[in-house]
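Asks: Residues per chain are reported as follows:
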Amino acid sequence: DTGVSQDPRHKITKRGQNVTFRCDPISEHNRLYWYRQTLGQGPEFLTYFQNEAQLEKSRLLSDRFSAERPKGSFSTLEIQRTEQGDSAMYLCASSGYGTSGEETQYFGPGTRLLVL
Amino acid sequence: GDSVTQMEGPVTLSEEAFLTINCTYTATGYPSLFWYVQYPGEGLQLLLKATKADDKGSNKGFEATYRKETTSFHLEKGSVQVSDSAVYFCALSFPFSGSARQLTFGSGTQLTVLP
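These protein sequence lines are chains A and B, in that order.
Residues 1 to 116 (the numbering used here) are what the first sequence spells out, left to right.
Residues 117 to 231 (the numbering used here) are what the second sequence spells out, left to right.
Keep in mind the hints are simulated off the structure, nothing from the lab.
All values reported here derive from a predicted model rather than from experimental measurement.
Backbone N, C-alpha and C fix where the C-beta goes; we use that ideal spot for every residue, glycine too.
Hints may contain errors.
Claimed, not checked - Each pair of labels, with its calculated beta carbon distance range:
{"id": "1", "chain 1": "A", "residue 1": "63", "chain 2": "B", "residue 2": "136", "range": "40 to 46 Å"}
{"id": "2", "chain 1": "B", "residue 1": "158", "chain 2": "A", "residue 2": "52", "range": "47 to 53 Å"}
{"id": "3", "chain 1": "A", "residue 1": "22", "chain 2": "B", "residue 2": "136", "range": "22 to 28 Å"}
{"id": "4", "chain 1": "B", "residue 1": "119", "chain 2": "A", "residue 2": "73", "range": "48 to 54 Å"}
Stated by the list, open to error - Over the 12 Å line for every Cβ pair with chain A, so calculated as not near, a few chain B residues:
{"id": "5", "residue": "120"}
{"id": "6", "residue": "158"}
{"id": "7", "residue": "168"}
{"id": "8", "residue": "170"}
{"id": "9", "residue": "194"}
{"id": "10", "residue": "220"}
{"id": "11", "residue": "226"}
What the hints assert, rightly or not - Looking from chain B toward chain A, a few residues come up when the C-beta cut is under 7 Å (computed):
{"id": "12", "residue": "146"}
{"id": "13", "residue": "148"}
{"id": "14", "residue": "178"}
{"id": "15", "residue": "202"}
{"id": "16", "residue": "223"}
{"id": "17", "residue": "224"}
{"id": "18", "residue": "228"}
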């Protein structure tokens, strides 16, 4: 299977610690997205890369959050000085183009973060 | 800004019942519309999509028609199965635009199908 993969699937950390998540997109996709999903809600957009360039960031992405995509392949999302409010599922998606030229996003399984 | 409103759940049905999950949207312009499904403990899977008015998306017995006049994209299935139990998300995006490509999701509708 060559879908989007994320690592780790689960992370438990103590408040104030730093955490880093990894996303490996579908190999031919050059766009990559990060979303955050809290319990009972739909995912909310965090940031977006086209190749290695970070083109858009949501106001949800505070200065404790940083994302990178070196060489336009895998991406990492780091949260510094974690807070209990950061507890959520972090979803990664990569996108390709359909037969009509439209973009469709495909999601990974997510990383569930619990901050104690 | 753009937004998606879904009917609130949870929805509980018996196997073989008819399913409708309502979805309406607010957007400037003409977005593409999507239904994603999330099974317990998993990420989102694309279920179906429609890119322009009057298009019908379909997959695995599910259907949804893009209605511009009512700004709606209701999800339907004629006969649900226990395996359809999941959370369903309606979403929109502007995939042909030069920016704002992110998906905007509704809050999700939990479906439980009983045998």
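Asks: Are the hints correct? Go through all of them and say.
Replies: Taking the hints in turn, this is what the structure says about them:
1. For the pair residue 63 of chain A and residue 136 of chain B, the beta carbons lie near 44 Å from each other, so the given range of 40 to 46 Å is met.
2. Between residue 158 of chain B and residue 52 of chain A the CB atoms are about 29 Å apart, so this pair departs from the stated range of 47 to 53 Å.
3. Taken as a hint, the range 22 to 28 Å is violated for the pair residue 22 of chain A and residue 136 of chain B, whose Cβ atoms sit roughly 39 Å apart.
4. Against the hinted window of 48 to 54 Å, the Cβ-Cβ separation of residue 119 of chain B and residue 73 of chain A comes to about 34 Å, which falls outside the hint.
5. Against chain A, the non-interface label of residue 120 of chain B is violated: not every CB pair exceeds 12 Å, the least being about 8 Å.
6. At roughly 6 Å from the closest C-beta of chain A, the C-beta of residue 158 of chain B falls inside 12 Å, breaking its exclusion from the interface.
7. Distance to chain A contradicts residue 168 of chain B as a non-interface residue, since its nearest Cβ pair spans about 9 Å, not more than 12 Å.
8. The beta carbon of residue 170 of chain B is kept farther than 12 Å from every beta carbon of chain A, the shortest such distance being approximately 15 Å.
9. With a least CB separation of 25 Å from chain A, residue 194 of chain B remains clear of the 12 Å interface cut-off, as annotated.
10. At the 12 Å boundary, the C-beta of residue 220 of chain B falls inside the reach of chain A, the nearest C-beta of that chain being 8 Å off.
11. Non-interface status of residue 226 of chain B relative to chain A is broken: a Cβ of that chain comes within 12 Å, the nearest being about 9 Å off.
12. Proximity of residue 146 of chain B to chain A is violated relative to the hint, the smallest CB-CB distance being about 12 Å (cut-off 7 Å).
13. Of the supplied interface hints, the one on residue 148 of chain B holds, with its beta-carbon coming within about 6 Å of a beta-carbon of chain A, less than 7 Å.
14. Taking 7 Å as the C-beta contact cut-off toward chain A, the hint placing residue 178 of chain B at the interface is violated, the least distance being around 16 Å.
15. Residue-level restraint check for residue 202 of chain B is violated (minimum Cβ-Cβ distance to chain A is 14 Å; threshold 7 Å).
16. Because the beta carbon of residue 223 of chain B sits about 5 Å from the nearest beta carbon in chain A, less than 7 Å, this interface hint is met.
17. Interface restraint check: residue 224 of chain B against chain A, minimum CB-CB distance 5 Å, threshold 7 Å, status holds.
18. A distance limit of 7 Å between C-beta atoms decides the matter here; for residue 228 of chain B the minimum to chain A is near 15 Å, and the interface restraint is violated.
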